[in-house]
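Whenever a hint applies, use it, and build me the whole structure from the sequences.
First residue of the sequence shown: 7, per the working numbering; consecutive thereafter.
One or more of the hints may lead you astray.
[Stated by the list, open to error] DSS-like, lysine-lysine: derived pairs with alpha carbons at most 25 Å apart: (1) Lys64 - Lys53; (2) Lys50 - Lys24; (3) Lys82 - Lys56; (4) Lys53 - Lys82; (5) Lys24 - Lys64; (6) Lys64 - Lys50; (7) Lys93 - Lys36; (8) Lys57 - Lys36; (9) Lys25 - Lys56; (10) Lys32 - Lys86; (11) Lys50 - Lys82; (12) Lys93 - Lys82; (13) Lys32 - Lys82; (14) Lys82 - Lys36; (15) Lys25 - Lys36; (16) Lys93 - Lys32; (17) Lys53 - Lys86; (18) Lys50 - Lys36; (19) Lys64 - Lys82; (20) Lys24 - Lys53; (21) Lys29 - Lys93; (22) Lys32 - Lys64; (23) Lys82 - Lys57; (24) Lys56 - Lys24; (25) Lys93 - Lys25; (26) Lys57 - Lys24; (27) Lys50 - Lys86; (28) Lys50 - Lys32; (29) Lys82 - Lys24; (30) Lys24 - Lys93.
Hints in this document: simulated from the structure, not taken from any laboratory.
Fair warning: this is a prediction, and the values are worked out from it, not measured in the lab.
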Amino acid sequence: MVCIFHNRLYYVNIYMSKKYQAKYQKLTAKLRSARQEAGLTQVKAGKLLKKPQAYVSKIERGERGVDAVELAEFAKVYNKDINYFIK
7 MVCIFHNRLY YVNIYMSKKY QAKYQKLTAK LRSARQEAGL TQVKAGKLLK
57 KPQAYVSKIE RGERGVDAVE LAEFAKVYNK DINYFIK
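Okay, here's the thing in structure tokens:
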């Protein structure tokens, strides 16, 4: 299920089909792995993204969705091609 709150899209995993839950889990695992490969803590990644540490943590735990623009920001900060996250 997608919710819009304060003009932002949020994905609610409770209602997400199993097919998409598995794909989203792979995405969050890749985000965590890329951050660690970049030698960044969640705190440092958050600072580079101009977001709090909780933002990074919630995305990595699958509690908060990430849109295409945000994914591009993660790719830039983690020095990865965006395709790394979506393959």
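Hints, one by one, checked against the model:
1. Pair hint Lys64 plus Lys53 holds up; C-alpha atoms about 15 Å apart against a cutoff of 25 Å.
2. Taking the CA atoms of Lys50 and Lys24, the gap is near 32 Å; set against the 25 Å cutoff, the hint is violated.
3. Restraint check for Lys82 and Lys56: the C-alpha separation of about 13 Å stays at or below 25 Å, so the hint holds.
4. The straight-line distance between the Cα atoms of Lys53 and Lys82 is roughly 13 Å, inside the 25 Å bound, and the hint therefore holds.
5. Using a Cα cut-off of 25 Å, the hinted pair Lys24 and Lys64 holds, with the two alpha carbons roughly 20 Å apart.
6. Distance hint between Lys64 and Lys50 is fulfilled; the C-alpha atoms sit about 15 Å from each other, no more than 25 Å.
7. Straight-line distance between C-alpha atoms of Lys93 and Lys36 comes to about 10 Å, which keeps the hinted pair within the 25 Å bound.
8. Taken as a hint, the Lys57 and Lys36 pair is honoured in the structure, with Cα atoms around 19 Å apart against an allowance of 25 Å.
9. Of the supplied pair hints, the one linking Lys25 and Lys56 is violated, its CA atoms being roughly 32 Å apart against a limit of 25 Å.
10. A distance of roughly 16 Å separates the Cα atoms of Lys32 and Lys86; the hinted pair therefore holds under the 25 Å criterion.
11. Between Lys50 and Lys82, the direct Cα distance comes to roughly 14 Å. Compliance with the 25 Å bound is thereby established for this hinted pair.
12. Our distance criterion of 25 Å between C-alpha atoms is met by Lys93 and Lys82, whose separation comes to about 17 Å.
13. Of the pairs offered as hints, the one joining Lys32 and Lys82 holds, with about 19 Å between alpha carbons and a cut-off of 25 Å not exceeded.
14. This hinted pair checks out: Lys82 and Lys36 have alpha carbons roughly 14 Å apart, not beyond 25 Å.
15. The suggested pairing of Lys25 with Lys36 holds, with an alpha-carbon distance near 17 Å, which does not exceed 25 Å.
16. At most 25 Å may separate the alpha-carbon atoms for a hinted pair to count; Lys93 and Lys32 meet this at roughly 10 Å.
17. Taking the CA atoms of Lys53 and Lys86, the gap is about 18 Å. The hint holds against a cut of 25 Å.
18. Taken as a hint, the Lys50 and Lys36 pair is honoured in the structure, with Cα atoms around 17 Å apart against an allowance of 25 Å.
19. At roughly 19 Å between alpha-carbon atoms, Lys64 and Lys82 fall within 25 Å of each other, so this suggested pair holds.
20. With a C-alpha separation of about 33 Å, the suggested pair Lys24 and Lys53 falls outside the 25 Å cut-off, and the hint is violated.
21. Restraint check for Lys29 and Lys93: the C-alpha separation of about 10 Å stays at or below 25 Å, so the hint holds.
22. Taken as a hint, the Lys32 and Lys64 pair is honoured in the structure, with Cα atoms around 15 Å apart against an allowance of 25 Å.
23. Between Lys82 and Lys57, the direct Cα distance comes to roughly 15 Å. Compliance with the 25 Å bound is thereby established for this hinted pair.
24. This hinted pair does not check out: Lys56 and Lys24 have alpha carbons roughly 32 Å apart, beyond 25 Å.
25. Distance hint between Lys93 and Lys25 is fulfilled; the C-alpha atoms sit about 15 Å from each other, no more than 25 Å.
26. For the given pair, Lys57 sits about 29 Å from Lys24 by alpha-carbon distance, which is inconsistent with the 25 Å threshold.
27. Of the pairs offered as hints, the one joining Lys50 and Lys86 holds, with about 17 Å between alpha carbons and a cut-off of 25 Å not exceeded.
28. In summary, the hint linking Lys50 to Lys32 is supported, as the alpha carbons are separated by about 22 Å, within the 25 Å threshold.
29. Simply put, Lys82 and Lys24 have alpha-carbon atoms about 29 Å apart, too far for the 25 Å limit, and the pair is violated.
30. Proximity of Lys24 to Lys93 is assessed by CA-CA distance (about 18 Å); at most 25 Å being required, the pair is judged to hold.
When held up to the earlier numbered hints, the structure conflicts with 2, 9, 20, 24, 26 and 29 and fits the remainder.
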